[in-house]
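Peer 1: Residue-level listing of the chains:
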Amino acid sequence: MKYKGAVMNDSQMGERGLRHLLSLENMPKEIVIDILDRAGEFLSAASGGAKKVPVLRGKTIFNLFFENSTRTRTTFEIAAKRLSADVVNLNVSTSSQSKGESLLDMVNNLVAMQADMFVVRHSQSGAAHLIAKHVPSGVHVINAGDGRHSHPTQGLLDAFSIRQYKNSFDGLRVAIVGDVLHSRVARSQIHVLKTLGVDDIRVCGPRTLAPETVSDLGVTVFHEIEKAVLGVDVIMMLRLQHERMSGTLLPSPQDFFRGYGLTEERLLLADNDVIVMHPGPINRGVEIASSVADGPRSIILPQVTYGIAVRMSVMAVLLGNSL
Amino acid sequence: MKYKGAVMNDSQMGERGLRHLLSLENMPKEIVIDILDRAGEFLSAASGGAKKVPVLRGKTIFNLFFENSTRTRTTFEIAAKRLSADVVNLNVSTSSQSKGESLLDMVNNLVAMQADMFVVRHSQSGAAHLIAKHVPSGVHVINAGDGRHSHPTQGLLDAFSIRQYKNSFDGLRVAIVGDVLHSRVARSQIHVLKTLGVDDIRVCGPRTLAPETVSDLGVTVFHEIEKAVLGVDVIMMLRLQHERMSGTLLPSPQDFFRGYGLTEERLLLADNDVIVMHPGPINRGVEIASSVADGPRSIILPQVTYGIAVRMSVMAVLLGNSL
Amino acid sequence: MKYKGAVMNDSQMGERGLRHLLSLENMPKEIVIDILDRAGEFLSAASGGAKKVPVLRGKTIFNLFFENSTRTRTTFEIAAKRLSADVVNLNVSTSSQSKGESLLDMVNNLVAMQADMFVVRHSQSGAAHLIAKHVPSGVHVINAGDGRHSHPTQGLLDAFSIRQYKNSFDGLRVAIVGDVLHSRVARSQIHVLKTLGVDDIRVCGPRTLAPETVSDLGVTVFHEIEKAVLGVDVIMMLRLQHERMSGTLLPSPQDFFRGYGLTEERLLLADNDVIVMHPGPINRGVEIASSVADGPRSIILPQVTYGIAVRMSVMAVLLGNSL
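Chains as they are written, first to last, in our numbering: chain A, 467 to 789; chain B, 467 to 789; chain C, 467 to 789.
Don't read these hints as lab results, they were simulated from the structure.
Certain hints may be false.
To be verified - Mimicking PhoX-like on lysine-lysine, the simulated pairs with C-alpha atoms at most 25 Å apart in a straight line are:
#, chain 1, residue 1, chain 2, residue 2
1, B, K495, A, K518
2, C, K518, A, K518
3, A, K632, A, K599
4, C, K693, C, K632
5, B, K495, B, K599
6, C, K693, B, K518
7, A, K518, C, K660
8, B, K517, C, K693
9, B, K693, B, K495
10, C, K660, C, K693
11, A, K495, A, K693
12, B, K660, A, K517
13, A, K660, A, K632
14, C, K660, C, K632
15, B, K693, B, K632
16, B, K495, B, K518
17, C, K517, C, K660
18, A, K517, A, K660
19, A, K517, C, K518
20, C, K495, C, K693
21, C, K517, B, K518
22, B, K632, B, K495
23, A, K518, B, K660
24, B, K599, B, K632
25, A, K599, A, K495
26, A, K693, A, K632
27, C, K495, C, K599
Unchecked claim - Only some residues are given here: those of chain A computed to face chain C with a beta carbon under 10 Å:
#, residue
28, G506
29, S510
30, G637
Every residue gets a Cβ at the ideal spot worked out from N, C-alpha and C, and that includes glycine.
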């Protein structure tokens, strides 16, 4: 199942603004800022004791997960419930798909049940785009990760996290380390950071995982982590996705850590105020030393908190644009 | 596990009206009309923006699915949530049953948790009846499909769908095509249509799937679809249930389509204003040509929308009768 | 995975009272009484039609089940929903754990999602304690069963059940029959009954399942059920946990019933007003004769009802102590 026909850009804009969140590529800066600002409001409300708000009361949101990811699904489920929406979880591998119902027939049926939003996770790039192209106006799609292509809420929450700790995106030096080639997270991070004005983005990994062609995305490619993190303000580690790689590309966990793992020594090469990020779940001793993950420069757990606020914000912004 | 002892009729009536929805056989016409009218009200409210209503706030509804059916469970889950009830999904094959707990012991326990309603799906005919017979007053059972026997909410939503498109049930000519023998959907459709005054009901399929004995239900049996659909106002296609048939009865999908699939040519034989229905999910190119399923005479997707309203109505009517 | 480092006592008390519910061992009597009293209020409210109350609106409760138990999970899910909390079910064996995420990293992530409470079920003794020790203030842990160690909400609901039927715990004679050795239920029952002032607690089973060492808990050990139940006011049968025992310890179901099953004859040996209890689900004809389970002395189903009220009470008490 390849969704080659899907249009990858601009299909997320509607007449009243952002209609779907499919990709961060070419997303207008003012929309990114709007989402981050609104997330900030939800975060403040939660700190003030108003974790749950009636913004989406009566709305029906489907978590449509064609690829198992309890963690990601949970963050969307919580975000939707805190907005007072009704949430229905559909893990599709074990249901309709196995009876031969096609993707779009299934989506048509859920739309007919008066769905307001689909949160879509799929192993195939373009699946969320295909659904977004297909649904009628008033129905919204959030891409919760599609193949190697995009994971836009992760990119947005990373941007939000950086904004919480850094005064400005101008002049920021950011290193992204790990399996850049297969990472939808990295692609989304790069797109949003460039939109926000970050010029100095360095990606780093072994040649098999960070080939020179990645520079097409407007980043500088490094193969030595010591050079990549030199003086940077932000280090974003990627998760090694064992399941996405054929065996030969991937070094052993020990080899990877030796070559690219973020250790305390390597951290010293970065700026004094560097922040360390990871989309989670972390592989301790593979991408990152435990002392760094749990250390004072790590903002890995705050990222999770911000992730809920950002997902609430995206849901509220999209549904706000359907009125 | 056969529930042979279960009483199949009238066990659904209580002192204050309909107490359980188990079967449409012999259901009084005024109750059917009441359910359809109330469904119409929920549908109107949803169109007016009030998709969610507080009718069942504080009630606890268990989706008790002994047979996996994500699609059907989802429609009941949404209906219950839109009525503001609390819903607990129990997929029983993987839980208590495997530990040897008996059906009625499990039901007793859930009743003791102060359940208000059970939505029961089971592969054995009579399972919902057995539960209904067993639960105390104040607890209600909806049969969401039991073996080959009955699928009453499907029959009701089909009746509702027809009423949305046709002025009257009087004089209506209806063809039901496919595997009539094994279909709980067909049985429920026939019962409700006869109750509503439809005299001309034609069932059609190969002799193995639509034997002459089906005429006992008060319908005319056809083996040629061209004759069955001639001049009809409504064509109801059934889903081929591969899993319910032994191999020899079932023609190949290609053979079935050649003999009984609803094509554009065959559709021309029906009345100009014919509506085409299917309980879903459709098998394109098996029961129905894609061009017909997606064409102007098809009301397959509206049926899904009406299905939510009808299920909300049934829940509200039953629980209204417990006060 | 053994959580040997976990502290087993007093780690559940906070500055404002009970912070976690991990074990009933050494729990102050006034806290037990407070939980039972509050459960009584929820039970009364439900009888009065107010089954659902807004006590925990906006709170997020995670059912963190590392061991499959649909029944127990359902009782906590219902309790949380009746308190108007948002509930997220996580069956962990099939998710993060399989990707190698450690227990505490997973908990850290859920805490970062602003969890208010974890209901933890785990096959390893001490798992809930480990989590409780780890979470920040404002986050609460309920042990929903950990290995052979403890199942405190079961103990509390059993105490509540006894109080509903008996005037006083003073002078009460209680027999606990079955696999005492492997039963977290028995341990919790013994702890809470002793706290409430029950002096005459008799445990009974074959030597393999009720060895003399059990008397360390302050109970009298019997190997003949006829002697154990003689004149008692309460008989608590335990569930045979096939999955927890190596083959040689366990007699066949028939042998067990012959030796220790609660029959009508044996029941006659107890006090006239004896009540019969079982944590469920019952194995008919193994631990208990059907006529006894369904008979006038059995309070097995009321226990289930009380179990919801007690779990609501525990949740409300714990979260009340975080303000």
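Peer 1: Taking the hints in turn, state whether each one holds.
Peer 2: These are the hints, each one checked on the structure:
1. B:K495 <-> A:K518: Not satisfied, since the Cα-Cα distance of roughly 45 Å exceeds 25 Å.
2. C:K518 <-> A:K518: 18 Å, holds
3. A:K632 <-> A:K599: Judged against 25 Å, a Cα distance of about 37 Å means the pair is violated.
4. C:K693 <-> C:K632: Status holds; Cα separation ~22 Å.
5. B:K495 <-> B:K599: Holds. B:K495 to B:K599 sits at ~23 Å (cutoff 25 Å).
6. C:K693 <-> B:K518: 60 Å, violated
7. A:K518 <-> C:K660: The hint is violated at about 42 Å.
8. B:K517 <-> C:K693: 63 Å, violated
9. B:K693 <-> B:K495: Violated. B:K693 to B:K495 sits at ~30 Å, over the 25 Å cutoff.
10. C:K660 <-> C:K693: Roughly 21 Å separates the two Cα atoms, so the pair holds.
11. A:K495 <-> A:K693: 30 Å, violated
12. B:K660 <-> A:K517: Violated, at roughly 53 Å.
13. A:K660 <-> A:K632: 16 Å, holds
14. C:K660 <-> C:K632: Holds, because 16 Å separates the two Cα atoms, which is no more than 25 Å.
15. B:K693 <-> B:K632: 22 Å, holds
16. B:K495 <-> B:K518: The given pair, whose Cα atoms are some 28 Å apart, is violated under the 25 Å limit.
17. C:K517 <-> C:K660: The given pair, whose Cα atoms are some 32 Å apart, is violated under the 25 Å limit.
18. A:K517 <-> A:K660: 32 Å, violated
19. A:K517 <-> C:K518: Distance of about 20 Å is within 25 Å: holds.
20. C:K495 <-> C:K693: Violated, at roughly 30 Å.
21. C:K517 <-> B:K518: Satisfied, since the Cα-Cα distance of roughly 20 Å is no more than 25 Å.
22. B:K632 <-> B:K495: 18 Å, holds
23. A:K518 <-> B:K660: Distance of about 50 Å is beyond 25 Å: violated.
24. B:K599 <-> B:K632: Given that 25 Å is the threshold and the Cα spacing comes to 37 Å, the pair is violated.
25. A:K599 <-> A:K495: 23 Å, holds
26. A:K693 <-> A:K632: Answer holds: A:K693 to A:K632 is near 22 Å, not above 25 Å.
27. C:K495 <-> C:K599: 23 Å, holds
28. G506: 15 Å, violated
29. S510: 13 Å, violated
30. G637: 29 Å, violated
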